[in-house]
Amino acid sequence: MLTAPSLSYALLAPILIVLAGAVAGVLVEAFVSMVHRTAIQLTLSIGTLLLSLQQLWRIRDQSSTTAAVNSVTIDKAGIFLQATVILLALVAVLLIADLDNFVALASALPGSHEEQSSLREKSKQTEIFPLFLFAVAGMMLFPVATDLITLFVALEVFSLPLYLLAGLSRRRRLLSQESALKYFLLGAYASAFFLFGAAFLYGYAGTISLAGISAAAGGANDIFLLIGIIFVSVGLLFKISAVPFHSWTPDVYQGAPTPVTAFMAACTKVAAFGAILRIFYVGFAESQTIWRPIITAVAIITMLFGSLVAIAQRDVKRMLAYSSIAHAGFLLSGVVALNKDGLAASLFYLFAYGFATLGAFGIIALIRDSSGEVSDLNRWIGLGKKSPLIAATFSFLLLSFAGIPLTSGFVGKFAIFSAAYESGNIALVVVGVLASAIAAFFYIRVIIMMFFTDPVNDSVSVIIPSIKSRVSIIISAVISITLGIAPSLLLTTADNFANFIK
Amino acid sequence: MLTSANLVWLIALPLFSSAILLLAGKRSNSWGHVLATTVSASAFTVGVIEFFAMQGRPEESRAVTQKLFTWISVGTFKVDASLLLDQLSICFVLLITGVGTLIHIYSIAYMSHDLDRRRFFAYLNLFIAAMLLLVLGDSYLNLYVGWEGVGLASYLLIGFWNQKPAYATAAKKAFVANRVGDVGLSLAIMIAFATFGDVSFAGIKEHAEHASSTQLTAIGLMLLLAACGKSAQFPLQSWLGDAMAGPTPVSALIHAATMVTAGVYLITRSNFIFDQAPIAQLMVLVIGGVTLLFGAIIGTAKDDIKKALAASTMSQIGYMILATGLGPIGYAFAIMHLLTHGFFKASMFLGAGSVMHGMKDEVNMRKFGGIGKFMPITALTFGLGYLAIIGVPPFAGFYSKDKIIETAFNAGGVKGIALGVATLVGAMITAFYMTRVVILTFFGNERWGHTDEPHESPALMLIPIALLSVGSVVSGFVLSKGQGLVHWLEPIVNPLKEHHAEEFLPPIVVSAMTLSVVVIGVSIAIMKYRGDQLAVAPVNVSSLTKAARRDLFQDDFNETVFMRPGQSLVSNLLNLDYLVIDGTVRAVGSISLTAGSKLRSLQNGYVRSYALLTVIGALALLTVIWVVTA
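Keeping their order, the protein sequence lines are chains W and R.
Numbered according to the numbering used here, the first sequence terminates at residue 504, and the numbering increases by one at each position without gaps.
Numbered according to the numbering used here, the second sequence terminates at residue 670, and the numbering increases by one at each position without gaps.
Keep in mind the hints are simulated off the structure, nothing from the lab.
Ideal Cβ placement from N, Cα and C applies to all residues, glycine included.
Wrong hints could be hidden among the right ones.
What the hints assert, rightly or not - Distance ranges between label pairs, derived from CB positions:
hint, chain 1, residue 1, chain 2, residue 2, range
1, W, L408, R, V461, 50 to 60 Å
2, W, K504, R, L108, 46 to 56 Å
3, R, A45, W, D317, 18 to 28 Å
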């Protein structure tokens, strides 16, 4: 006879609320007239996220390895990561709410009559909101999932909506659709690696739970363990765009609608790194001799590759894509550290980096000419004279990416490198600092272009940001500044929450 | 120790007012000066209240502190932003806010035609706040903040009329010379921290009792360097004359009465270091002695009335520094001379400002003459200041300067005789150049060469001058009555307990000698400058006069020894920077760029290539791990 699984709904409530909100959003699409949909969907999304955040606050001190049988573990670090995802999503949804970045009718072929008429009718693709909420729910499940199947499900739950969202750009639609297809194909391919690895791990340990795999480590037939770890890692490293599994990143970041890029760059990183941290700290902790050398190697290659190639970019979105690759490398240093400080530093870094990224992409969405966004860096020349405030904010966020002191980026890098140093990975720290220096080169080059190069007569303009974009950019900038000046506000919290239970 | 919640207002009031005036901009043009003056007067009121409260308490509980916040907390090193008001700092608080308020009032009239009067008052308030922080900080680090703050205010005010390039240069010169001293102060703090792990006055005083004299000497010499920069002492004195480019009230407040005496405060405050570092103390004496003669000699040759007074300030501060080098009893006399000097020099500077006001901003004394009958009140107050500075009894300078000369003689041995003679010679030259200033300005033939008669200044300017000259008449008597100030400062510098020195000369003899040299100095000046003078400076003069006119070649020396080698060093470094360092960076940059472009070609846009890359990556990882684990 089958027994019903016991679920602790209180602990799962934050995830379930977001899923419920997403389902409700689908119903809104079905039953509410197009005129009111945008406002209702936006309210619904924000309300859902706030409610979920409130539930998270309620359970902030609880922990359980059996929140959903043995598949979900709610613990301090998990709650911190979920809260980070929600907070970032709250800011991201404000960027997404500027629907003029999105296609009017996704099903219309680019250049067709349907597209023309949908543009004339000013129709809006408000399905974006429920898709967004499904992705957020997946991202919240991913870092708390503790068996390989749940991990896989969560991975797919947040990936599938993102594949779709990436293809919904209003302008340059073919590029957008191409990027969506690439993202989907390669994402599916990486998922296959993950599943393949999971099968090997099951074959090795006889269980799919991370705790079980950890307990079985050291047994015989460790070739299975080895292959399993590597293939599961490939699937995860793909999501965080580590080299050499990064190749989708520039194409997708460039092709996707900018608010979606912002959401992906910020939230996917948090969710995927959350899962990686849990898997390596909990599931593979006993097999560290296998994975630490390879993750160290990947981190080094990723930092250097991302920083070097970013220099050669002429497109600001692609440049930030490579920058995000480099940041994945920095974050991997925190994974390799494999100590409490490394975990705390990673939590801080993810939070700080997420907000800086949202702010930077939010600003990119504002720089336009008559045909839409201008991401060609040469045309940003002289922006500092036309819109000093926007250019100054963007410069500040770039300085934060570069890790200049008094920005949140500096504190994050400092914390993560000192944790890596403590764990004895001096080579990693040296390369990390070198890569940071290289990276500073291209960030500062953009600042020089904006402020210190004479503008050519070009018709790039900055659109007046809507109140929603403005709020999200301001929040991101303020958080980046605050965390730079008074990092202990969050460092202490991150330190208190840096705990996975096994 | 008692705590008080009022101290912060002393600093906060002028600081806020300064911020308001700077931020409100033109909107505050009409009331800015009133706010600034009110605030300064309020700070003075707080100071007076605190003074009487302090006087009412028994000696051992007179000092009060106020902790504002924890400023730095790193491991075991903790610095609080705390204020300390004790017998020494209250003297300064009253001087700064009292003289400061009078000068605020004076400036309302003096600056009334200036379009930027509001900004001027904002800077004055900023100065008051910074100077109060300097004397109220309870650690060297807190003092340092005020120290830099007054440097900034001084820079802004010297260059207040920066539309004239020469004035802007003067501001820059003051800033650079001060930086040299500031480096000394920061080094002193670093050595103190490295040695004692503490930067507070109380903490270092405790540690100093059993510290090695080498360390204390190093700290002391660095503190002396700092004092030389701020107080325009040899060899960092060159900026003070040029600082007269600032509006005259600034010269009176900052470059005569208060800021330039910060060095004296610093050494007095650090008495526990200097008392145990004989070499540093000897250097203090040498610097003080050299500067008092140096300044006096320069003062004899200056035709610019403000520069003559500036040279005099340098010389008088030389007296104070020398006094601080004389050990426990000297500190009290240094502070006494500092306070009396604050009155009479400020009064004379404001008098000079009044003359300039009546003479269309003319500063050349050769073009004055006979102004006394047109500006009687200015002449009278200036005269009182004059009698005070040359040390005629019963005016203020007599009490304070005589004591320094007497203590110098009592230092004992060859040292005592050398110092005593130096101070006596200084007194004679002082009498000479001050008489010269008075005669050239207020007596003799009218040489201004235009028909407009000079006019007396408005009451708003005359009243502050009059009040200050009351100070220059009575302050010496009041402070020295029953050794009042000496007893008052006793807990800080312990003057009476350790004062066993044999009297080399009885006080009455010293006074007689001083008075005689003063009479000689005055007589020589009267002989030389009586009768009609020419409106231009004579050319055929002795080489000493020529040297004095050129500030004893201090600028030439600085330019030859520091500036030109410095400039060539900089240009060489610039070349090195361009060729080697920039070259390396450019090379790294172009290598990175090439590498980036090459790596970029991996990104060809085909999904199949990307997928292949993923497989290769996974296989590479497998191979690596196989090799590593095998």
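>> Quick check on a hinted range of 18 to 28 Å for A45 of chain R and D317 of chain W, using CB atoms only.
In response: 59 Å, violated
>> Assuming the hint says 46 to 56 Å, is it satisfied by the Cβ distance from K504 of chain W to L108 of chain R or not?
In response: With a Cβ separation near 47 Å, K504 of chain W and L108 of chain R satisfy 46 to 56 Å, so the hint holds.
> Taking the beta carbons of L408 of chain W and V461 of chain R, is their distance inside 50 to 60 Å?
Replying inline: 57 Å, holds
Checked against the numbered hints above, the structure violates only hint 3.
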